[in-house]
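Student: What follows is each chain in one-letter form.
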Amino acid sequence: MSTIQIYDPALCCSSGVCGVDVDEALVYFAADLDWAKQQGAQIERYNLAQQPLAFAENAVVRAYLQRSGQDALPLVLVDGEMALAGRYPTRTELARWTSGSGNASAPPTACAPGTGCC
Amino acid sequence: MPRFLEQPPIFLFFTGKGGVGKTSLACASAVSLADAGQRVLLVSTDPASNVGQVFGLDIGNRITAMPAVPRLAALEIDPQAAAQAYRDRIVGPVRGLLPDDVVRGIEEQLSGACTTEIAAFDEFTALLTSDTLTADYDHIIFDTAPTGHTIRLLQLPGAWSGFLETGKGDASCLGPLAGLDKQRAQYQAAVAALADPARTRLVLVARAQGATLREAARTHEELAAIGLTRQCLVINGVLPADEARVDPLAAAICAREEAALQAMPDALRALPRDLIALKAFNLVGLDALRHLLDAAAAPAATIGDLALPDFDAPVLSQLVDDLARAGHGLIMLMGKGGVGKTTLAAAVAVELATRGHEVHLTTSDPAAHLAETLNGALPHLTVDRIDPHAETARYRQHVLDTKGAKLDAPGRAMLEEDLRSPCTEEIAVFQAFSRVIREAAHKFVVMDTAPTGHTLLLLDATGAYHREIARQLATSEVHFTTPMMQLQDPARTKVLLVTLAETTPVLEAANLQADLRRAGIEPWAWIINNCVAASRPVSTLLRQRALNEAREIDAVAHRHAQRYAVVPLLATEPVGVTRLLALSHPVTPAR
Numbered sequence: 001m002s003t004i005q006i007y008d009p010a011l012c013c014s015s016g017v018c019g020v021d022v023d024e025a026l027v028y029f030a031a032d033l034d035w036a037k038q039q040g041a042q043i044e045r046y047n048l049a050q051q052p053l054a055f056a057e058n059a060v061v062r063a064y065l066q067r068s069g070q071d072a073l074p075l076v077l078v079d080g081e082m083a084l085a086g087r088y089p090t091r092t093e094l095a096r097w098t099s100g101s102g103n104a105s106a107p108p109t110a111c112a113p114g115t116g117c118c
Numbered sequence: 119m120p121r122f123l124e125q126p127p128i129f130l131f132f133t134g135k136g137g138v139g140k141t142s143l144a145c146a147s148a149v150s151l152a153d154a155g156q157r158v159l160l161v162s163t164d165p166a167s168n169v170g171q172v173f174g175l176d177i178g179n180r181i182t183a184m185p186a187v188p189r190l191a192a193l194e195i196d197p198q199a200a201a202q203a204y205r206d207r208i209v210g211p212v213r214g215l216l217p218d219d220v221v222r223g224i225e226e227q228l229s230g231a232c233t234t235e236i237a238a239f240d241e242f243t244a245l246l247t248s249d250t251l252t253a254d255y256d257h258i259i260f261d262t263a264p265t266g267h268t269i270r271l272l273q274l275p276g277a278w279s280g281f282l283e284t285g286k287g288d289a290s291c292l293g294p295l296a297g298l299d300k301q302r303a304q305y306q307a308a309v310a311a312l313a314d315p316a317r318t319r320l321v322l323v324a325r326a327q328g329a330t331l332r333e334a335a336r337t338h339e340e341l342a343a344i345g346l347t348r349q350c351l352v353i354n355g356v357l358p359a360d361e362a363r364v365d366p367l368a369a370a371i372c373a374r375e376e377a378a379l380q381a382m383p384d385a386l387r388a389l390p391r392d393l394i395a396l397k398a399f400n401l402v403g404l405d406a407l408r409h410l411l412d413a414a415a416a417p418a419a420t421i422g423d424l425a426l427p428d429f430d431a432p433v434l435s436q437l438v439d440d441l442a443r444a445g446h447g448l449i450m451l452m453g454k455g456g457v458g459k460t461t462l463a464a465a466v467a468v469e470l471a472t473r474g475h476e477v478h479l480t481t482s483d484p485a486a487h488l489a490e491t492l493n494g495a496l497p498h499l500t501v502d503r504i505d506p507h508a509e510t511a512r513y514r515q516h517v518l519d520t521k522g523a524k525l526d527a528p529g530r531a532m533l534e535e536d537l538r539s540p541c542t543e544e545i546a547v548f549q550a551f552s553r554v555i556r557e558a559a560h561k562f563v564v565m566d567t568a569p570t571g572h573t574l575l576l577l578d579a580t581g582a583y584h585r586e587i588a589r590q591l592a593t594s595e596v597h598f599t600t601p602m603m604q605l606q607d608p609a610r611t612k613v614l615l616v617t618l619a620e621t622t623p624v625l626e627a628a629n630l631q632a633d634l635r636r637a638g639i640e641p642w643a644w645i646i647n648n649c650v651a652a653s654r655p656v657s658t659l660l661r662q663r664a665l666n667e668a669r670e671i672d673a674v675a676h677r678h679a680q681r682y683a684v685v686p687l688l689a690t691e692p693v694g695v696t697r698l699l700a701l702s703h704p705v706t707p708a709r
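Residue numbers (our numbering), protein chains in the order written: chain F, 1 to 118; chain R, 119 to 709.
Bound-form chain F, shown alone (with noise of 0.2 Å):
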């Protein structure tokens, strides 16, 4: 079983809460995320506000704020190694990242449009 890491932007107060709208990809990124533990995915999630040690103590994750800047996040590693940058996977990638395999049956996710996910 692959262990996937989320190198989330800080985001401020609770989750994002204070910006002027709720960022509609954040709402449904956390639904597919609870579908992928569901399926038995190891998914760790760190909050650069929060826990910044865990950026900073992951070479790889250090490395990639130093180069592209925290307007990058977020990042995600699977198995320690650089997955998907710049977005939140979908549920697909998810799924793929899961099962070790790219053909796995995910369900239809749900998508906002302009997420970037459809």
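No lab work stands behind these hints: they were computed from the structure.
Even for Gly, the Cβ is constructed at its ideal location relative to N, Cα and C.
A few of these clues could be false.
Stated by the list, open to error - With beta-carbon atoms standing in for the labels, derived distance ranges:
#, chain 1, residue 1, chain 2, residue 2, range
1, R, Gln-306, F, Asp-79, 32 to 42 Å
2, F, Gly-40, R, Gln-306, 30 to 40 Å
3, F, Asp-79, R, Arg-512, 38 to 48 Å
4, F, Gly-40, R, Ile-181, 50 to 60 Å
5, F, Met-82, R, Arg-213, 18 to 28 Å
6, F, Asp-79, R, Pro-217, 20 to 30 Å
7, R, Pro-528, F, Asp-79, 27 to 37 Å
8, R, Ala-244, F, Gln-38, 41 to 51 Å
9, R, Gln-198, F, Ala-72, 28 to 38 Å
10, F, Gln-38, R, Arg-302, 23 to 33 Å
11, R, Thr-347, F, Arg-67, 52 to 62 Å
12, F, Gln-38, R, Ala-203, 36 to 46 Å
Unchecked claim - Facing chain R, according to a computed beta carbon distance under 8 Å, are these residues of chain F, among others:
#, residue
13, Ala-10
14, Leu-48
15, Ala-49
16, Leu-53
17, Phe-55
18, Asn-58
19, Ala-63
20, Leu-65
21, Gln-66
22, Gly-69
Stated by the list, open to error - Going by beta-carbon spacing under 8 Å, a handful of chain F positions derived as facing chain R:
#, residue
23, Pro-52
24, Ala-56
25, Arg-62
26, Gln-70
Fit chain R to the known structure of chain F by using the hints.
Tutor: Showing chain R alone in chain F's frame:
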């Protein structure tokens, strides 16, 4: 003995908005109880604190015995320093490892009022839960109290699940709580001590003014709901009725205070209450403190044999001269609650409109009568009002419906509490205001509020504003600027800081200014409202108050402000066009 000191429990907290006299009352209470034979520890978090000065020695962040008062010891906590130490705990380990802008971003997240408040509570925790201290002292007196928001946050189980205990976070994070270094059990014990009527009494301090009484009522209800049921009310600085005989201004103030007390919210009416008379003397020195709670100390009213120096501070119309020159622009009045932002926003708007400029006044004043009396009253002036409660409620609901829908029960409880933070209201209100900001390109837009620098920096950092503005302008214009960019441009936006000529309000305004500067915004001017010195009072007591103001006016004029104006305390409530104009053009009464 005032009622709030009758049979006092071990912990006494004084709470109220800045400038009502919490620290003076806490000091006077501590001295009074020590004089009566009790062993007392006084804890001050007031950055304007003169506790050390009062007792004639440096105190600082360690328990120090007061030689001048047997049985009394004191301790000063600097909430800003506590917050800085707290930030360092989180940010320190990654400094130099992560890029500088990332580190700065994290620091900004931890630079809000909530962090300061939680850091101060962190310091209180040890005092509330130490067996040694509670054995050494009969009473521990605090000149401030934690807000309901902080206590509720600490009570939520959701705040503690996750990384504080396991070191692992999740998507629903808990903001400033992340840097707490004590154990959950200790916070629970501290909250339990607060909620125990046998151990804790809360003293609500207010002035005889509608706004501060309403705020005291809100604090009362909020903290009572958490379990701090043992509460008293102190109305501080009440002008003795005798003064009304000798001075028309004093008569008007007495009548206004009487009316405010009559209209006191019912929730407060049920509490044990003390009225503390306004004193002529400055509350510095042990002798003055011993007389603060002493009803007999009020001197008989006299007509001023006390000479007032000449007063020639700039008036509001002089500031408006400068404002009018640009022909248009955004004017935002900013300051703590109760200093008169809405009234002064209306005065500036009316003054500009009278000069023939197109003006749009937008107010968030919950008392709608100001907007109603002005609408249609003048050519060139339009007035609208946004309701902060309605805007905040709509915003909360929107977030809960979208973000909250996917959360489990503890996560949703955390989110709901976050949405009760002061930041949320500020954001919701500013969001509503930002709809009219664009009008400032061709007319004057005057607002009675402004976002703090902290909020602007966070909004800007999330980029949410760029997206919002881009969406609004996508169809009409090619170029756009964010509200932050517009606020930073002195040619387009002028921020006026409103304060009172008293120590704590001036300090609070200076803090707001520092916060705006962090966001690259330089306040354009300061306005000192309700100035007694500018009213040239007759009674000795008011003249003494006027003399006391001199130091604060000097600090604003020479230390804080690029330019400033002084608005006198008026005998009549400034409602309607004529009286609002009088704020800008005060007539010096004949001596």
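Student: Are the hints correct? Go through all of them and say.
Tutor: Evaluation of the provided hints:
1. R:Gln-306 with F:Asp-79: 32 to 42 Å: holds, 39 Å
2. F:Gly-40 with R:Gln-306: 30 to 40 Å: holds, 35 Å
3. F:Asp-79 with R:Arg-512: 38 to 48 Å: Given about 44 Å between the Cβ atoms, the range holds.
4. F:Gly-40 with R:Ile-181: 50 to 60 Å: holds, 55 Å
5. F:Met-82 with R:Arg-213: 18 to 28 Å: About 25 Å separates the Cβ atoms of Met-82 (chain F) and Arg-213 (chain R), which means 18 to 28 Å holds.
6. F:Asp-79 with R:Pro-217: 20 to 30 Å: holds, 26 Å
7. R:Pro-528 with F:Asp-79: 27 to 37 Å: Between Pro-528 (chain R) and Asp-79 (chain F), where Cβ atoms are some 30 Å apart, the hint holds.
8. R:Ala-244 with F:Gln-38: 41 to 51 Å: holds, 43 Å
9. R:Gln-198 with F:Ala-72: 28 to 38 Å: holds, 33 Å
10. F:Gln-38 with R:Arg-302: 23 to 33 Å: Between Gln-38 (chain F) and Arg-302 (chain R), where Cβ atoms are some 29 Å apart, the hint holds.
11. R:Thr-347 with F:Arg-67: 52 to 62 Å: holds, 57 Å
12. F:Gln-38 with R:Ala-203: 36 to 46 Å: holds, 42 Å
13. Ala-10: holds, 5 Å
14. Leu-48: Interface hint status for Leu-48 (chain F): holds (7 Å vs cutoff 8 Å).
15. Ala-49: Ala-49 (chain F) check passes; min Cβ-Cβ to chain R is 5 Å, inside 8 Å.
16. Leu-53: Hint holds; Leu-53 (chain F) Cβ to chain R Cβ min 5 Å, cut 8 Å.
17. Phe-55: Status holds, d = 6 Å.
18. Asn-58: violated, 11 Å
19. Ala-63: Status violated, d = 11 Å.
20. Leu-65: holds, 6 Å
21. Gln-66: Hint on Gln-66 (chain F): holds, closest Cβ of chain R at ~5 Å, below 8 Å.
22. Gly-69: holds, 7 Å
23. Pro-52: holds, 4 Å
24. Ala-56: holds, 4 Å
25. Arg-62: Hint on Arg-62 (chain F): holds, closest Cβ of chain R at ~6 Å, below 8 Å.
26. Gln-70: holds, 5 Å
Figure legend: structure checked against the earlier numbered hints; hints not met, in rising order: 18 and 19.
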